[in-house]
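Enquirer: Single-letter residue listing:
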Amino acid sequence: MTVPPAHDSALEARIAADPRYVALVRDRQRFSWILTAITVIAYTSFISLIAFDKPFMARPIGNGTTSMAVVLGVAMLIGIVAITIVYVVRANGEFDRRLAELLAEPAA
Amino acid sequence: MRPLVWSAGLLALVAFGTGALGADLAPIGSVARQGPNWTAIAMFAGFVAVTLWITAAAARRTRSVSDFYTGGGITGFQNGLAMAGDYCSAASFLGISAQIFNDGYDGLIYAIGFLVGWPIVLFLIAEKLRNLGRYTFADVVSYRFMQGPVRSFSAASTLLVVSFYLIAQMVGAGQLIQLLFGLPYLYAIVVVGGLMMIYVLFGGMRATSWVQIIKAVMLLCGATLLVFGVMAHVGFSFEALFATAVEVKTRVALDSGLSPAEAAAEGRTIMGPGGFIKDPISALSFGFALMLGTAGLPHILMRFFTVPDAREARKSILWATVWIGYFYLLTFILGFGAIVMISFNPDYVDPAGLLRGGNNMAVMHLAHAIGGNLFLGFISAVAFATILAVVAGLTLSAASAVSHDIYASVIRKGAADPVKELRVSRITTVLLGLSAIVLGIVFETQNVAFMVSLAFALAASGNFPVLIMSLLWKDCTTKGAAWGGGLGLLTAFGLTVLSPAIWVEVLGFGQAVFPYSSPALFSVPVAFLAIWVISVLDRSPRAAIDREGYAGQRLRSETGIEVHGAAAH
Numbered sequence: 001m002t003v004p005p006a007h008d009s010a011l012e013a014r015i016a017a018d019p020r021y022v023a024l025v026r027d028r029q030r031f032s033w034i035l036t037a038i039t040v041i042a043y044t045s046f047i048s049l050i051a052f053d054k055p056f057m058a059r060p061i062g063n064g065t066t067s068m069a070v071v072l073g074v075a076m077l078i079g080i081v082a083i084t085i086v087y088v089v090r091a092n093g094e095f096d097r098r099l100a101e102l103l104a105e106p107a108a
Numbered sequence: 001m002r003p004l005v006w007s008a009g010l011l012a013l014v015a016f017g018t019g020a021l022g023a024d025l026a027p028i029g030s031v032a033r034q035g036p037n038w039t040a041i042a043m044f045a046g047f048v049a050v051t052l053w054i055t056a057a058a059a060r061r062t063r064s065v066s067d068f069y070t071g072g073g074i075t076g077f078q079n080g081l082a083m084a085g086d087y088c089s090a091a092s093f094l095g096i097s098a099q100i101f102n103d104g105y106d107g108l109i110y111a112i113g114f115l116v117g118w119p120i121v122l123f124l125i126a127e128k129l130r131n132l133g134r135y136t137f138a139d140v141v142s143y144r145f146m147q148g149p150v151r152s153f154s155a156a157s158t159l160l161v162v163s164f165y166l167i168a169q170m171v172g173a174g175q176l177i178q179l180l181f182g183l184p185y186l187y188a189i190v191v192v193g194g195l196m197m198i199y200v201l202f203g204g205m206r207a208t209s210w211v212q213i214i215k216a217v218m219l220l221c222g223a224t225l226l227v228f229g230v231m232a233h234v235g236f237s238f239e240a241l242f243a244t245a246v247e248v249k250t251r252v253a254l255d256s257g258l259s260p261a262e263a264a265a266e267g268r269t270i271m272g273p274g275g276f277i278k279d280p281i282s283a284l285s286f287g288f289a290l291m292l293g294t295a296g297l298p299h300i301l302m303r304f305f306t307v308p309d310a311r312e313a314r315k316s317i318l319w320a321t322v323w324i325g326y327f328y329l330l331t332f333i334l335g336f337g338a339i340v341m342i343s344f345n346p347d348y349v350d351p352a353g354l355l356r357g358g359n360n361m362a363v364m365h366l367a368h369a370i371g372g373n374l375f376l377g378f379i380s381a382v383a384f385a386t387i388l389a390v391v392a393g394l395t396l397s398a399a400s401a402v403s404h405d406i407y408a409s410v411i412r413k414g415a416a417d418p419v420k421e422l423r424v425s426r427i428t429t430v431l432l433g434l435s436a437i438v439l440g441i442v443f444e445t446q447n448v449a450f451m452v453s454l455a456f457a458l459a460a461s462g463n464f465p466v467l468i469m470s471l472l473w474k475d476c477t478t479k480g481a482a483w484g485g486g487l488g489l490l491t492a493f494g495l496t497v498l499s500p501a502i503w504v505e506v507l508g509f510g511q512a513v514f515p516y517s518s519p520a521l522f523s524v525p526v527a528f529l530a531i532w533v534i535s536v537l538d539r540s541p542r543a544a545i546d547r548e549g550y551a552g553q554r555l556r557s558e559t560g561i562e563v564h565g566a567a568a569h
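From first to last, the protein sequence lines stand for chains G and Z. Everything in the first sequence is counted per this note's numbering, starting at 1 for the first residue and increasing by one. Everything in the second sequence is counted per this note's numbering, starting at 1 for the first residue and increasing by one.
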């Protein structure tokens, strides 16, 4: 059964009323929505560039062969990995620390 | 002991298949290689032996339903590798590089679409999923709702997504193995179906995880070695790689009778986007199907429950994204490497300019060009291992949907005897394995290319909206989730049937009713809108309970105070 077993309602009520909980949820939510927006906008722009301006994407960089499309595409791959790292560093660092403090002791 | 007996039997089957049918190997014999590919078979037999040994070990420790579904817990790093192993199919390894070999750049657009879903999963779903769920993603979407309707929807959606994904994998596997190992199609399908059944049946999630981890390591090492060979060939310069590739394509165009100016222009097309993206709507729709579908694939979501908490779940995604991103970067280089290194070799390309052995063989020929038969054998074994790891993950998630969501939660109302639940999941595994074999045979000559993108579109239009709305929207209700999600699935499915891939290419009608290549841009909003409208209109007593449950669900999803740790059982 997945509906959780005995709820600790006292703990729940204490956390829900704790201003640090409210602040943590607000900060983490804002952070994840901002990063989501960046990801979706970057990806949509990339696809739109391909859909609407192929000549721009095919243009070589300088006098070489490497094209805009290759540079932007590889930048997308690296950027996707980078934005993932950014979130995990803050979530597993700052946010988890704040959560641990919140769970460990009642608000002053 | 049973797995060991099975393993001996299967090895014998592999040996028999190749030994007895040596005479049938002419189709690939026209390539430089003659006769059965013993290197490939030996290396694959080695992989099978190791994974069956792991399965035997895992079987001894798979006693409870929790062991079966979660494998008793692994670290975020291991899970990240397993996710990469679950996600990087042979289709992307062989297909993307072959697409680049043929048309150049376009393969990278695919690769980016496959990767971009991961941060979305991380930002919106991962930690809440881990904090609320236990074995399947249905645990999460049904958390505060009436179990019956929502779990039935989730299980149906899981089975649909898995079926299409599985058929595509099985047919691809049969054709590939036929080609690489010289096994007849039927034998190849039976070997894949049989092995995946053994892994899941006896070893559950523990064996599945390790098969996926080993496969991921093999795939990453193999692709890295190949890329090293390519880069050594062009003096470790990307500019030289691209310049040579353009030169090669220009020469190919000249040979086909184009004027020098036309040929030069033709050669350059590989550096920019080509015909893959036909119209902007299809492009965006396809992109959204890949991005949001990743966040709704049941076999991927299930992997979150193999780690103890949200912290490790985030690490899992971090590592999965790193390895998958690295892998796609490698396939991109491999595609250009194939253009440079195999285009003019008559052993690999026939006089008409087509790859010998079929469209997907670019990487295989490249491996042969770089490291001879030994390396070709290794990469073939990697491709086979890749298929096995993906189908095992798919089977496990479908089996869990039936045993945990339908049997234990809906039929037994959450009071199932664990021994019986485990038995149901094992029976389901066997049935799934058998039907995968049958479907693989039925669809042998069918065009299954659309099935993977259909699986992604279904996951994006059913599971993803229901997950998001149930996790983030207070007023979502049982009816809204179950019917809205169902409507999303139906829309995605219906539009796909009316799209060119099925309406024209499979059913043979002249003009597609729905002109775009993917339904996601329409079916995902339909699902969100339906969930919203149905929930808002829902005035039933149950709806009040659903809305009231949100606060408690939210608190647990944010803090993990009641997390069911995978290792804790």
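Simulated from the structure, these hints should not be mistaken for lab results. Misleading hints may appear alongside valid ones.
To be verified - With the Cβ distance kept under 7 Å, some of the chain G side facing chain Z (calculated, not the full set): (1) Ala13; (2) Ile34; (3) Ala51; (4) Asn63; (5) Thr66.
All figures in this text were calculated on a predicted structure; none of them were measured in a lab. Quick reminder that beta carbons are idealized off the backbone N, C-alpha and C, glycines included.
Enquirer: Determine for every hint whether it applies to the structure shown.
Expert: Do the hints match the structure? See the list:
For Ala13/G, the shortest C-beta to C-beta distance to chain Z is roughly 10 Å, which exceeds 7 Å, and the interface hint is violated. Because the beta carbon of Ile34/G sits about 9 Å from the nearest beta carbon in chain Z, more than 7 Å, this interface hint is broken. Here the hint on Ala51/G is kept, as its CB sits about 4 Å from the closest CB of chain Z, short of 7 Å. Checking Asn63/G against chain Z by beta carbon gives a least distance of about 10 Å; that is not within 7 Å, so the hint is violated.
Checking Thr66/G against chain Z: minimum C-beta separation of about 5 Å stays under 7 Å; hint holds.
In this structure, the hints that do not hold are numbers 1, 2 and 4, in rising order.
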